[in-house]
Amino acid sequence: MKIIKNMVTSIEEQIIDKLLRRGERITYSATSNLFYEGQIPVVAYLILSGNVHLTKNKKIKSTIGPGSLIGVKELMKNDAVEFSAVIMPETEVCFLSRSDIFDIMEERSDLSEHINQLLTA
Amino acid sequence: MRRVKEQEKCQNCPSKGQGVFCDLDNPDLDEISQHKVTNTYKKGQTLFVQGNHPFGLYCVNSGNIKVTKTGTDGKESIVRIVKGGDVLGHRSLFTSDYYTATATAIEETKVCFIDKKYILRLMQEKPSVSLNIINKLSRDMGAAENKVSSFHQKNVRERLAELLLLLKESHGQKIEGEKYKLDIKLTREEMATMIGTANETLIRFISEFKDEGLIEQEGKAIIICNEERLIDWANVNY
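If you read the protein sequences in the order shown, they are chains A and B. Quick note on numbering: this note's numbering labels position 31 of the first sequence as 31, and the sequence is numbered without any gaps. For this note's numbering, count along the second sequence from 1 and bump the result up by 121.
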């Protein structure tokens with residue numbers, strides 16, 4: 001689905017390593033809602049291991065795994081997401097806050113260029 | 122610059138004057154409005170869950186949120202109710218602890234979120250924000266101390282009377298004469314967990330309070346009719 005494609009970005013390993021140095025890594029021990037449809041994510045999530053279900057009207061529409069980045073565009077542009085994201089137990093993510101993303105963008109590195117590309121895509 | 126709806130700007134917050142940022146000037150409030158994320162949570166949706174990593178500070182714009190702790194037996198107890206102008210997650214700003222409670226909307230609730238890095242920077246630059254957060258923490262500690270002593274020293278009847286008085290202070294709407302309607306949607310079960318008793322016991326005491334003319338019921342809403350007698354029953358010095 002096009003909307004899911006817009007919301008989720010696959011990230012190359014080289015970029016993942018750089019993002020990991022900026023964000024914090026956490027592992028969820030239980031199923032939890034990262035955000036609900038119609039909301040703006042409070043942080044962006046890069047999935048490192050495990051799975052996140054994207055749901056609409058409580059039905060799973062897609063399952064995304066390691067290397068997927070969700071919510072960056074919506075967080076930075078103040079746009080609502082069209083799907084809820086439910087994280088599965090033992091899934092590890094790296095989260096990036098708006099401040100983290102602004103810090104990256106100010107650096108003018110290849111990482112900031114990558115983030116800019118994501119936002120303009 | 123991101124699009125920020127006019128009604129979502131801090132200057133237009135329905136709880137303006139009650140929050141931790143309210144002493145800031147308009148340019149500072151504009152900057153916060155640009156940075157924050159505003160969301161509406163439906164009844165039953167969670168802002169965060171016990172055991173999860175804290176991301177920042179939640180500032181309630183309007184509505185009500187229950188903060189609950191789940192015990193090892195799976196039982197949920199309400200530790201506090203958060204309303205418009207209150208903040209959530211401020212304790213986690215200064216510790217690396219995971220959330221020790223779950224925050225769930227008990228009605229449609231609008232909440233603003235500010236990430237930890239930004240709020241810590243703001244606290245360094247604007248002492249009024251730090252002082253207001255310290256003030257909130259101190260009040261929370263006072264309320265927690267009162268709750269502990271109530272649980273130790275008071276019986277269920279006294280604790281229910283005290284809860285009704287606290288809810289009158291936070292959510293009471295004067296309707297006529299000395300009557301106050303509690304403008305909050307709490308189930309009897311939720312009220313029972315707030316005073317550490319069984320549902321049946323709470324219902325029995327609510328009936329007693331009604332028979333004694335202390336309270337009335339309008340549908341599910343409770344109306345405080347006689348605050349003075351309620352103070353006597355609560356065994357508190359107001």
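Errors might be hidden in some of the hints.
Unchecked claim - In silico DSSO-like links for lysine-lysine, alpha-carbon gap of 30 Å or less:
1) 59/A <-> 137/B
2) 77/A <-> 306/B
3) 257/B <-> 163/B
4) 77/A <-> 204/B
5) 59/A <-> 257/B
6) 58/A <-> 164/B
7) 238/B <-> 59/A
8) 77/A <-> 196/B
9) 164/B <-> 190/B
10) 231/B <-> 247/B
11) 231/B <-> 58/A
12) 257/B <-> 18/A
13) 204/B <-> 58/A
14) 58/A <-> 196/B
15) 163/B <-> 237/B
16) 190/B <-> 59/A
17) 56/A <-> 190/B
18) 204/B <-> 56/A
19) 18/A <-> 73/A
20) 306/B <-> 58/A
21) 73/A <-> 306/B
22) 231/B <-> 137/B
23) 77/A <-> 289/B
24) 61/A <-> 163/B
25) 73/A <-> 231/B
These are calculated hints, taken from the structure and not from any lab test.
### Message
So, against the hints stated earlier in the document, which numbers end up violated here?
### Response
1, 2, 5, 7, 8, 12, 21, 23
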